[in-house]
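**Q** Chain by chain, the residues run as shown.
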Amino acid sequence: MLAVCMRYAKDRMEAEDVLQMGYIKIFQKIKEYRGDGSFEGWIRRVMVNTAIESYRKNLRSLNVVEIDEAYEQPSTGFDFGTLGMQDLMKVIQKLADGYRMVFNMYVIEGYSHKEIGETLGISEGASKSQLSRARAILKEEITKMEGFGYATYTG
Amino acid sequence: MQPIQDKDFDQLFKDRFEDAEITPSRDLWSSIESEIEPKKKRIIPIYWLSAAAILIIATVGIMIYQQQDVVPKQYANNVATNMNPVIVEPQVKDSSVSNTDLTKDVAKALPAHVKPSTTLVQTAVKENAKPIEKQKVISEPDIQKQETMIAKVEEPKKDIKTKIEEAVFKTKEETVLAANLNEVIADEVIDSSYPAERKGIRNVGDVVNLIVNTMDKRKDKVIQFRTDDDDSSISVVNIGPFRIGKKSRK
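The listed protein sequences derive, respectively, from chains D and Z.
Just so you know, our numbering puts 128 at position 128 of the first sequence, and the rest follows in order with no gaps.
Just so you know, our numbering puts 172 at position 172 of the second sequence, and the rest follows in order with no gaps.
All clues given are correct.
A short, non-exhaustive set of chain D residues, derived as facing chain Z with CB atoms under 7 Å:
id, residue
1, L2
2, A3
3, E16
4, Q20
5, Y23
6, I24
7, F27
8, M85
9, L88
10, V107
11, I108
Which residues of chain D face chain Z? A partial, calculated answer using Cβ under 8 Å:
id, residue
12, M6
13, R7
14, L19
15, R135
Source of the hints: derived by calculation from the structure; they are not laboratory data.
We put the beta carbon where it would ideally sit given N, CA and C, even for glycine.
Bound-form chain D, shown alone (with noise of 0.2 Å):
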């Protein structure tokens, strides 16, 4: 589950509070699991919805530091054969709250775009935008991580 909480999270710290509020959570509407779906599935359900939850309450304290937009990558492929999910979590780590959000929401948890709206209190369109942004990022961290990619760009 911390691994759930680390996608959303800025870093391990993060992560950590958010998987202890989210284990307290559990413990306190255990009775409200009705049985029906995995159990694994309603804790991930309750730690995604708390890892939201605190996103939204430091939305207000916090201020998003936007990044740059990102450039689109030139037609370079990425060999995931060398990443490992902890490089992957660094690059997510990386993104700023906003775009990892969507990203998490969308691509991971397999929320929809009017879903992730809602519940960030963004437009259908924002989120989408966000979710390509994000991506573009990502794109663009890992091909640096993978240093050749990086090569091709500036060369």
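Starting from the structure of chain D, add chain Z where the hints point.
**A** Leaving out everything else, chain Z in the frame of chain D:
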């Protein structure tokens, strides 16, 4: 290499993270535990509280039940007469006066007759400071005495018999009243010596005191309101071993 499609790109992330697990740091569980545990501790006192509440209710109920068993007739009398003490109170004065007036003529012939009214007043005054249980014990025999005395007196002079009967009936009724009024204010009334000075039921406190007095004949009531001033306030709460407020005077 072909530029990767968004869908594939997403899928790659999803695959990586779907079953990803990271072991949280060791301290995390203890902090979670510490946040969960207080909830458990809170549950236990609720059981204790409810148990205590049931106990209190049960004891109070039993107390009331037992007292009702002991003197059920008195309660009926008291409740009936207590319903409008405001109207009756002035009568206490008047009747005591009229009583003596009526009996003036016969005073010499029947020295015993004047006695009841005076003794009544005396007992009423005394009882201000006396415990209620004693009041009853004292006042009832007194009434009986009066009756017997009057019964003796009645034989020689039959023309005053009716008068005396009336007077006795009145005084009898009023002793009960006077005793009750004293009960209501038993806690406070040391200064105001005559019950006639009281104004009767003025506020909720008086009503509660009245009800409690009829139900609870102990010296220390379950609850007592102070009704000296216009707004009543609780002066004594006495539930079993727990007692709040000043102790009743002797």
